[in-house]
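Once you've looked at the hints, dock chain B against the given chain A.
2 protein chains.
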Amino acid sequence: MGLIGGIEAGGTKFALAVGHSPTEIIARHEIPTGSPAKTLEEAAAWLESHGQISALGIGSFGPVDLDRTSQMWGHITNTPKPGWAICEIAGFFAERFKVPIGFDTDVNGAALAEHQLGAGLDASSLAYITVGTGIGGGLIVGSKPVHGVAHPEMGHILPRRHALDLEFIGICPHHRDCLEGLASGPAINARWGASLSELPSDHIAHEIIADYLAQLAHTLIALTSVEVIVMGGGVMKTPGLLDRVQHRASELGAAYFPGNTKHKIVAPGLGDQAGITGALLLAPSA
Amino acid sequence: MGLIGGIEAGGTKFALAVGHSPTEIIARHEIPTGSPAKTLEEAAAWLESHGQISALGIGSFGPVDLDRTSQMWGHITNTPKPGWAICEIAGFFAERFKVPIGFDTDVNGAALAEHQLGAGLDASSLAYITVGTGIGGGLIVGSKPVHGVAHPEMGHILPRRHALDLEFIGICPHHRDCLEGLASGPAINARWGASLSELPSDHIAHEIIADYLAQLAHTLIALTSVEVIVMGGGVMKTPGLLDRVQHRASELGAAYFPGNTKHKIVAPGLGDQAGITGALLLAPSA
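Line by line, the protein sequences are chains A and B. Each residue of the first sequence is one higher than the one before, counting from 1 in the UniProt record's numbering. Each residue of the second sequence is one higher than the one before, counting from 1 in the UniProt record's numbering.
Everything labelled a hint here was simulated from the structure, so no lab data went into it. All the pointers check out, no bait thrown in.
Listed below are the simulated BS3-like cross-link pairs for lysine-lysine, each with C-alpha atoms no more than 25 Å apart in a straight line:
| id | chain 1 | residue 1 | chain 2 | residue 2 |
| --- | --- | --- | --- | --- |
| 1 | A | Lys144 | B | Lys144 |
| 2 | B | Lys98 | B | Lys38 |
| 3 | B | Lys262 | A | Lys144 |
| 4 | B | Lys144 | A | Lys262 |
One chain only, chain A, in its complex shape:
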């Protein structure tokens, strides 16, 4: 039985796996994200150590070029991460392994995994949001990731400022106080000097961050009527945060949306495995 490979290419670490299928993983590994040359070489060497793979799926941090007709297909494009702007990912592995490569954003991969194997089984549509170093989202409609011109960049919506959070300027280099600039891990740290889970549970930060994330959920429902919103990533591990987001999103919606009670905001059914499982799902089948 053949092997497929998966790479979840993150800004902090690369998660790697080989398996007979996305649900039959035989080995996993993680490497810290260093320079592109070193990181890609290490990832390739680890995959090679498990024998010949027949296909590889890559879910990458972004922005990425997903246009198969573009010279930049399979590249990370204008990331602020040092060394990684205009960096070829998919082509490196295509050259090395001579196998078909599936390439998409990490969050589109995770959304696919949650829809096929996790919290969104049988859901008509699903969004996967990660709240960590950055904020990103992938959207599944008709069982496929939504691409449009390129891919969603959900962290860059412009939420209403919370009345008790009007001073902080925001940390997004492009939009300052977009969602990522206000509610990502580094944004939380920038104004309160701690992560959300380090702050006492009665600290106003919990209410403020839940309000911003609930605005993303509200907006997703208004624009796409999405059935299941999965919220993962490091910040979402803060005790009580998911409850607060659910509660606040319900307040914002005011029971207006059609099919209102069918909308769900949930934790990842696959836990931390959504990303790597998604990468394996992106591997083209023979």
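Leaving out everything else, chain B in the frame of chain A:
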């Protein structure tokens, strides 16, 4: 050659058409929206006067129930419009004509028409926004309207308040100052006592309304990477408004989104015919 019928069921008027196909209309008619019983009867009688149709497509104002397994399928549900809440539309015509009925929101129909025959030919995805008595939107992904749990209600996103528009409370009965509560025709009239096109071109209202509508465009791009955003409806006929929305959306995006230059905000390619053409496209083909 057989005939198909189309009904664009609006809160102000019902537009009717019969044709050999969506592009071969042989007769059109409009009737003012009165009580449901009277309006539906008049629509049916006009359609009957043109001979036997083989299928009927209906694009309706909403919210509507689109779940074919629901007892409420084909009904308008919780509209504030007097007399029309919990009103059966599709079932009335199915009973009368004994033909297959296609039923969706008016804006999903218009989006389909603009994608297949209008401003979005060959676009990977398209949103159709109407700004008039209300604000609504439909979204086409993979050549089909996006449904999710039910259908989008794009007018109910929560834009940031413009710095020069902080007093007005908003007119949405559910959310007060959601987009529809701030930027629909009645909301414009409520604070300035005139329509946008009646106000001088240097009146601040133009900048304020453009800012709110640009936030919808920005949010659609962030969440779906949508390629073409078509903006129609009465308010969008205000001279200069589309330009202002394009300009403001570009400012908000700050050239960040991947594939940035491919995103377009345009007027309807089908002009005022997007809705009725969409209704005809919703008619099931034999």
